[in-house]
Amino acid sequence: MGEFRCVDRSLLNDWHVVAERSALMSNSAFTTRLMGHDLQVTLDGRYNLRVVELDTGEEVCSDSRYGFIWACLGRPERDIIYLPETNEADRHLLSGGSIAVRVSGLRAVENFLDMGHFPFVHTGWLGDEPHTEVLPYNVTITAADEVLATDCKFLQPFASPTARAAMLVDYIYKVFRPYTVALYKSNPLDPDRKDLIVLFIQPVDEENCIVYSYLCYLKQGLEAAAARSFMQLIFAQDKPILENQRPRRLPLDPRAETPIRADAVSVHYRRWLRDRSVTYGAIAYPV
Amino acid sequence: MIKLYDYELSGNCYKLRLLMSILGVDYKTVPVDFYPGREHKSEWFLKLNPLGQLPVVDDDGLVLRDAQAILVYLAAKYDAAGTWYPRDNPELLGEISQWLAFADGITSTASAARLHDALFYDFDINTARAGAHRLFRILDEHLWFGERQERQWICSAKQPTIADIACFPYIMLSEEGGISRQDYPAIRRWCDRIKRINGFIVMSGVFPAGPAKAA
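Chains as they are written, first to last, in the numbering used here: chain C, 1 to 287; chain W, 288 to 502.
Worth double-checking, as some hints may not be accurate.
If you want the ones that stay clear, here's a sample from chain C, every Cβ over 10 Å from chain W, calculated [said to hold, decoys possible]:
id : residue
1  : SER22
2  : ASN48
3  : ASP90
4  : ARG102
5  : ALA144
6  : ALA236
Estimated spans, in silico, between C-beta atoms of each pair [unchecked claim]:
id : chain 1 : residue 1 : chain 2 : residue 2 : range
7  : C       : GLN220    : W       : SER384    : 41 to 51 Å
8  : W       : ARG483    : C       : ILE241    : 16 to 26 Å
9  : C       : ASP192    : W       : SER384    : 29 to 39 Å
10 : C       : ILE260    : W       : ASP409    : 36 to 46 Å
The hints are simulated quantities; they were obtained by calculation from the structure and are not laboratory data. The C-beta atom is built at its ideal place from N, Cα and C for all residues, glycine as well.
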C-alpha cells in the first residue's frame with residue numbers, strides 16, 4: 001500500500017516538511033519518504049541543504065524554515081506558509097517533536113479539528129464528562145482558501161501547560177493546506193492573546209504520516225520542556241485512536257461516515273478536499 | 288518529597304508513577320525533554336545518571352536509577368502492608384526478581400519496536416518484534432496456567448507485586464510498535480485486572496478499564 005504515489009498536482013507542487021532540522025547531523029544523510037518517494041536529505045555545514053530522490057538520483061526543491069526541512073517534489077506553485085506569530089519575540093518557537101503515525105495524514109488533520117473527542121480521549125486535560133456538548137461554531141472558507149472555524153468554545157480542566165484551573169477556552173481552527181492545520185487557543189495567563197500550535201504533516205504514503213508539531217506558545221511562565229511535554233502527552237493520547245481508525249484513508253463520500261453537528265468543520269474539510277481534487281490519503285468521491 | 292525525573296511517554300517512568308499512585312506516595316516530577324531535546328544525554332543529566340537513561344528518582348538526597356531498582360526501593364520503603372515487595376518471603380522475592388529481569392527484556396524488545404515506529408530509532412524492527420512475541424508467548428502461558436490454579440498475578444502471591452507493575456507498561460503500549468496482543472488472551476485479562484487495582488492511573492496511550500467486569 002505504501003507503493004502508491006501521488007498524482008495530485010496541488011500536493012506535488014506544494015511544500016512538505018520532511019525532517020526536523022535539529023535531527024540532521026551535519027554531513028550524514030537522512031532518508032525519509034514523501035508521498036511514496038524515497039528521499040535522502042543531507043545538510044552540509046549550515047547552509048548546503050540537498051534533498052535527492054533516491055530512485056532517480058535527481059535533486060528536488062528544498063528549503064529550511066521554522067526549524068524544519070521542506071521539500072517539494074514538483075515545481076513549487078506557492079511559498080511555504082507564512083506564520084506572522086513567528087515574528088513575536090515573546091513566543092516560544094519550538095518543535096514539539098515529530099511522531100510517526102500509521103494513518104493517513106488527512107485523518108490526523110481531521111482529528112486535530114475535532115472537539116467532540118476531548119472529554120473521552122483527553123479526559124482530565126482537554127475535557128471531562130459530563131461536559132461533552134460541543135457548542136455551535138462557525139465554519140467559513142477564507143479569501144486565501146483556508147478552512148476556518150471560529151467561535152469554538154470548550155470547557156477544559158487543564159487546557160495548557162500553564163493552566164492552573166479549569167477554563168472555558170476559545171479556539172480558532174485553520175486548515176491552511178490539505179496537510180497543514182493550526183489551532184489558536186486562549187492563553188491562560190493572558191486571555192486576550194492566543195497560543196498557536198501548527199501541525200505540519202508529512203504524507204509518507206497514503207496510510208502513513210509523520211506529524212511535526214510547531215509550538216508558538218507565549219513564553220510567560222512556560223519552559224520549553226514543559227511545552228513539549230504537554231504537546232506529546234496530548235498527542236500520544238490521540239495516537240492509538242488514530243491508528244485504529246478504519247479505513248486508514250479519509251473517505252470523502254459524505255455518506256461514508258455519519259457526521260453530527262459538532263463535526264461541521266470536518267464536513268467542510270472533506271468537501272474542501274474533494275472540491276480541490278485532493279485524493280492522496282483519501283478515498284476519493286467523484287464530484 | 289520524592290523527585291521523579293520524568294518523561295511522559297516513557298513506560299519506565301510510568302511504572303513508577305503508577306506504583307506511587309497506588310501506594311499513595313507524594314512526589315513531584317521534573318520533566319526531562321527526552322524527545323526531541325535529548326536532555327537525558329545532556330551534561331547535567333549525565334551527572335545524575337551516567338547511563339543517560341530515564342527514570343531517575345531523588346528521595347531526600349538518595350539518587351537511584353533504573354526503573355526496576357526504583358520499584359524495589361519504593362515498595363520496600365513505602366508499602367506499609369508489605370505486599371508489593373514482601374521482604375520476609377525469600378521464595379517470592381526470588382520470583383519477583385526473575386520477572387523484573389523479564390520486564391527488562393520487554394523493554395529491549397517491545398519498547399524498542401515502539402521507539403522505532405513512532406520516534407525513528409534505528410533498531411532492527413523485525414528482531415525487536417519477534418523478541419517481544421517470544422516473551423509475550425511465555426508470559427501468556429504462565430498467566431494462563433496461573434488462572435487454572437486461581438493465581439491472578441504474575442507471582443504466586445494473593446496480591447499483585449511489583450513484577451506486575453514492571454511488566455505492564457510496555458505490554459500495554461505494544462501496539463504502537465506493531466505488536467498485536469490478539470493472540471495473548473491471558474495477558475489481556477491480566478491487563479484488565481491491573482487496570483482495576485485501586486489507585487490505578489493511565490499514561491498517554493493507556494486507557495482505563497471499561498465499566499464491565501473483566502471476562
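How the hints compare with the structure:
Not every C-beta of chain W lies more than 10 Å from that of SER22 of chain C, the closest at about 6 Å, which undercuts listing it as non-interface. Every C-beta of chain W lies more than 10 Å from that of ASN48 of chain C, the closest at about 23 Å, which supports listing it as non-interface. Every beta carbon of chain W lies more than 10 Å from that of ASP90 of chain C, the smallest distance being close to 21 Å; the non-interface claim holds. At roughly 8 Å from the closest C-beta of chain W, the C-beta of ARG102 of chain C falls inside 10 Å, breaking its exclusion from the interface.
Against the 10 Å criterion, ALA144 of chain C stays outside the reach of chain W, whose nearest CB is about 31 Å from its own CB. With a minimum CB-CB distance of about 3 Å to chain W, ALA236 of chain C fails to clear the 10 Å threshold, and the non-interface call is violated. Distance hint check: the CB atoms of GLN220 of chain C and SER384 of chain W are about 48 Å apart, consistent with the given range 41 to 51 Å. Distance hint check: the CB atoms of ARG483 of chain W and ILE241 of chain C are about 22 Å apart, consistent with the given range 16 to 26 Å.
ASP192 of chain C and SER384 of chain W have their C-beta atoms about 57 Å apart, which leaves the hinted 29 to 39 Å range violated. Taking 36 to 46 Å as the suggested C-beta distance range, the pair ILE260 of chain C and ASP409 of chain W conforms, at roughly 43 Å.
In terms of the numbered hints stated before, the structure departs from hints 1, 4, 6, 9, listed from lowest to highest.
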